[in-house]
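**Student:** Each protein sequence line maps, in turn, to chains A and B. Quick note on numbering: the numbering used here labels position 978 of the first sequence as 978, and the sequence is numbered without any gaps. Quick note on numbering: the numbering used here labels position 158 of the second sequence as 1158, and the sequence is numbered without any gaps.
Since the hints were made in silico from the structure, they are not lab data. None of these values were measured; they are calculated from a predicted model. From the three backbone atoms N, C-alpha and C, an ideal C-beta is built for every residue, glycine too. Be careful, since some hints might not be right.
[As the list claims (entries may be wrong)] Pairs of lysine-lysine, BS3-like flavour, derived with a Cα cap of 25 Å:
no., chain 1, residue 1, chain 2, residue 2
1, B, K1076, B, K1132
2, B, K1054, A, K879
3, A, K63, A, K232
4, A, K63, A, K302
5, A, K799, A, K474
6, B, K1076, A, K866
7, B, K1054, A, K956
8, A, K879, B, K1076
9, A, K879, A, K799
10, A, K695, A, K799
[What the hints assert, rightly or not] Covered stretches of chain B (chain A as the covering partner; in silico rule of three or more C-beta atoms under 8 Å from a C-beta of chain A):
no., segment
11, 1046–1053
12, 1057–1068
13, 1101–1114
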Amino acid sequence: MGEKMMQSHHMVTVKVNEQQFNSKRKHRFVPSESNLQKIFAFWIICCTFFSIGVYFSMDTYQKEKRKEGLVSMCDQRARMLQDQFSVSVNHVHALAILVSTFHYEKNPSAIDQKTFAEYTARTAFERPLLSGVAYAERVLDSEREEFEREHGWTIKTMEREPSPIRDEYSPVIFSQETVSYIESLDMMSGEEDRENILRARASGKAVLTSPFRLLGSHHLGVVLTFPVYRSKLPQNPTEHERVEATAGYLGGAFDVESLVECLLGQLAANHPIIVNVYDVTNSSDPLIMYGHQNPSGDPSLKRVSKLDFGDPFRKHEMICRYLHEAPISWGAVTTAVFIFTIFLLIGYTGYKSASHINKVENDFNSMQELMVRAEAADVAKSQFLATVSHEIRTPMNGILGMLALLLDTDLSSTQRDYAQTAQACGKSLITLINEVLDRAKIEAGKLELEAVPFDLRSILDDVLSLFSDESRRKGVELAVFVSDKVPEIVMGDPGRFRQVITNLVGNSVKFTEHGHIFVQVHLDEQKKDGAKNSTCLNGGSESVISSGAFHYETLSGYETADSHNTWDTFKHVIADNGLYYESATKVVNDDLSRNVTVMVSVEDTGIGIPLKAQDRVFTPFMQADSSTSRNYGGTGIGLSISKCLVELMGGHISFISRPEIGSTFSFTVSFLRCEKHAVGDLKKSHSDDLPASFKGLNAIVVDGKPVRAAVTGYYLKRLGIQAEVVSSIKRAAATVGRNRSVVSNDMKLDMILVEKDLWISEDVDLSLHFHGIKQNGHVYKLPKMILLATNITNTEEEKAKAVGFSVIMKPLRASMMAAFLMQLIGMENERQGNGSSSLRGLLCGKKILVVDDNRVNRRVAAGALKKFGADVECAESGKAALSLLQLPHTFDACFMDIQMPEMDGFEATRRIRELESIANEQQNGVLNCDGGTKRHRWHMPILAMTADVILATLEKCLQCGMDGYVSKPFEEKNLYQAVAKFFESNPNSD
Amino acid sequence: METNNIHHLRRQVANLRQSLFDQGYVDEQFIELEELQDDATPNFVEEVVTLFCKDSARLIHIIDQTLENHPVDFAKLDNYMYQFKGSSSSIGAKKVKTKCTQFMEYCRAENVEGCKRTFQQLKEEYTTLRRKLEIYFQYARQVGPTETASCTQSKSVN
């Protein structure tokens, strides 16, 4: 159920994560890919339009300029043409006045044909446009004969025939030589000329004919006609008066074509243009005067300029066109294309980068999703492992229990062997599963560290006791040294701390066949100081090596991996401490900071770790190589768990290892300093509390190896015994003798501790030294002689006993040593080793309620408890128990069956706790008024009695407020363990 | 003669007791029970066994009835049998306890036939045990209350 909930919770977290991603995806930096494409297309279209716009604006500007150019050119040409024309007209006018002056006003006439021809020929440069001028006289029909007679020729028509009779004639009398062929021709006979003449004499101005092909040159031309009046005209003459006064007509043929050609020749322009001149008197039918009828050239653009040749009747105009069509404006095209390209590139760059951003963003999202999934999978894996390991553990407990039961039955030796093997295997499987479970828990982040005060030294002793058998069997020296600077009680997780050390020491024991395993605990900074010192004072160890072939200043004399960790360093560390107990408490009080960083090192002289395997030592399931696991077994998960645990505890783990020489693992752990007053309770109930009765005793430790001597000294100091170290038995004897010579009560020697190997190697006659003392027969208590041995043979032991030694087996532990010394010195052992009597001590006089619906069970439980001196009352149901337990009551504890009808043990416990908490609250109220005279809080220990001792049941027990459980039927050990937590031992019970 | 008789009786009691263990009727719990017996409660074992018999008779009666009912109330059966098992393990009635366990398994599987069959066997085991214990206590009372339990005997069992 719990696991399901955990999973569903886990699913929820994953979902939440996904939702976060989705919501994140909504706030993206750039639009999505499809939108991006649309935007890009739109951008391209915009670019196109813009470029086209640019092109057109430039093109229009150019056209405008072109048009302006045409206009100015056309107007200029028109104006010049007009000017030239009017100059010619003026000259004709001047000729007319000449004729009128010298032909009519002089009598006889001063002009004849010859004069006229000469004059006109000589003034022809004035009239470059006129092919020639001629004067025709007005001759009425009545005057014809006289006229013909006077001139000697008849009037002819244009066709050079004698003119038929008309009202009047206008024969040419004077003509320029260029047009002499028209002399005597009647101008009135030509339609154009006649009309011209009539209009000219009526208006009195120069008039023009419509264009026609000139007789001589076949160029297009017009004829200019000017009237010549005989007499002076009155002011504002009428038309009739003009006609009457008309004497003749002066005419000239304008060669328009050559006129314009000459003009254009003068004005060569950079843009060749086509010029047409039209007579537009009849607007519906313009007559061309110059240029081709269907002009080529650019038809799109033309300019019409009005021409005023002085004849109000006739209208002329000039039309100009460019010869070539307007060239495509490459500049505009280039600019437009250029702009388009630039904008396209900008757009493309933007598009590309946006889509790249998109891609990266998508990648990022998918990566993150993958990461979430991977993390989820990892967590799920760890949870799965935790669950599975847990599930495996439950049936395994059953198997182990059954095997234990099986071993208790009558079995043949083979069967027993099989069953024992099965049990051993099962136990190692459980260990493995626990380790996996631990690791999985750590990985799943479910492992929580406790913070309880504990005694670090006793934990180390416990660990030592675990391995003492094996180390003794192997003959490996196993020792612990805890620096005095390390506080006695620290706050932390003792279980985990113990686990790490157990693992490291276990490894060392496993891989060490000779030499020693040495666990040292120092304060972190202290260790550093020591290391510093050792670098200054280096060199000592070398001399030792040279003097003895196989001797190092370590615990056992074997070489170790971490050469800094030898006596040189150690010396300084213990020198700081001093070898006296008093300094310890003082040092503890010195440092007031809250944190204590402890450095633990486990040094062995085992096989070491191969160099190539050293970097994966902390990887799970990695042993140095496969042969290692074949030889030594194990899974290799322990170190990785240790690493995790150490890191959880705020430290780090490292190691130095040399193959075939040994390894030194060291780790640091941070604990909280524990206040003294808080420690008080713990110390009282602590089972490993050391007796204080050794305080003030003196001892001599005889040991050639200073490190080992320091360890022995450490234990003695813990017991309050002052120790002096000497390096040989002879010196010890000397010391003893000296003590004896300065006899004083406070310097009495209580014990002499001798290392076994020293005793064997020196092989001196001890009795000579020590028995001599004995025989002196003084009243002083004789020093006890103790032999310290890692392993000892029977013969050696007998020999030792014969000499007067008591043998204590190493590894040393404080409690063991205390017991040993007590026995030796003959002090009364206050503590009870026997389980049943100590249980009796716990339960004697206590009033206990047994709640069970089964009367047989009830009777048995009551009987068992009564046997241990308890005062037992019984209740047959939860309800009955409740009524008995109405506060205030006098019960000290309650044993509660779980499975009962009506109200089960859980429910009953819950009710009892409710009652208690109500009572406690009330009491708190009272307490405030009272000033706290009675500081008792109601909390009765309730222990479950259950037949199925599985973890789940225990957890449920604790949940509903129970304090523990005992298996049913009672087992003494189990019962003692459960009860010992609540009752202090009553020493007077026996 | 008197002492002879006593010796004979004692041996017989010891034999009876040993046979209880050897045949697997009782287990270590019985020894624990015997250890609880002292001067203050000289007939503790017998008292407990009597209690057990009374209780068992009651339970057997109830279970019989429950088994007859249709449909069978397995939850109830399980509950009764739990009590039965509890009391039998308290006095160390090994064989009866085994049957109880078996019965409870059938009960949890809701196998009526299995339950009935096992219960039949249980009753037989119970009857046998009761008879044997009665004989044993009869002899034991003759020998005298203080002699029934002794450490030397219990050690010989181990």
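**Student:** Does each hint hold? Answer for all of them.
**Tutor:** Evaluation of the provided hints:
Distance restraint check for B:K1076 and B:K1132: the Cα-Cα separation of roughly 30 Å exceeds the 25 Å cut-off, and the hinted pair is therefore not satisfied. Only pairs whose Cα atoms come within 25 Å are accepted, and B:K1054 paired with A:K879 is accepted, the gap being roughly 24 Å. For the given pair, A:K63 sits about 56 Å from A:K232 by alpha-carbon distance, which is inconsistent with the 25 Å threshold. Simply put, A:K63 and A:K302 have alpha-carbon atoms about 12 Å apart, close enough for the 25 Å limit, and the pair holds.
Using a Cα cut-off of 25 Å, the hinted pair A:K799 and A:K474 holds, with the two alpha carbons roughly 22 Å apart. As the CA atoms of B:K1076 and A:K866 are separated by approximately 33 Å, the hinted pair breaks the 25 Å bound. The suggested pairing of B:K1054 with A:K956 is violated, with an alpha-carbon distance near 33 Å, which exceeds 25 Å. Proximity of A:K879 to B:K1076 is assessed by CA-CA distance (about 20 Å); at most 25 Å being required, the pair is judged to hold.
This hinted pair does not check out: A:K879 and A:K799 have alpha carbons roughly 68 Å apart, beyond 25 Å. Of the supplied pair hints, the one linking A:K695 and A:K799 is violated, its CA atoms being roughly 31 Å apart against a limit of 25 Å. With a threshold of 8 Å between beta carbons, the proposed coverage of the segment 1046–1053 of chain B by chain A holds, since 4 of its residues qualify and at least three are required. Check on the segment 1057–1068 of chain B: 0 of its residues sit with their Cβ under 8 Å from a Cβ of chain A, so the three-residue criterion for coverage is violated.
Taking a C-beta to C-beta cut-off of 8 Å, the segment 1101–1114 of chain B contributes 0 residues in contact with chain A, too few for the three needed, and the coverage statement is violated.
Violated hints for the displayed structure, listed by number in ascending order: 1, 3, 6, 7, 9, 10, 12, 13.
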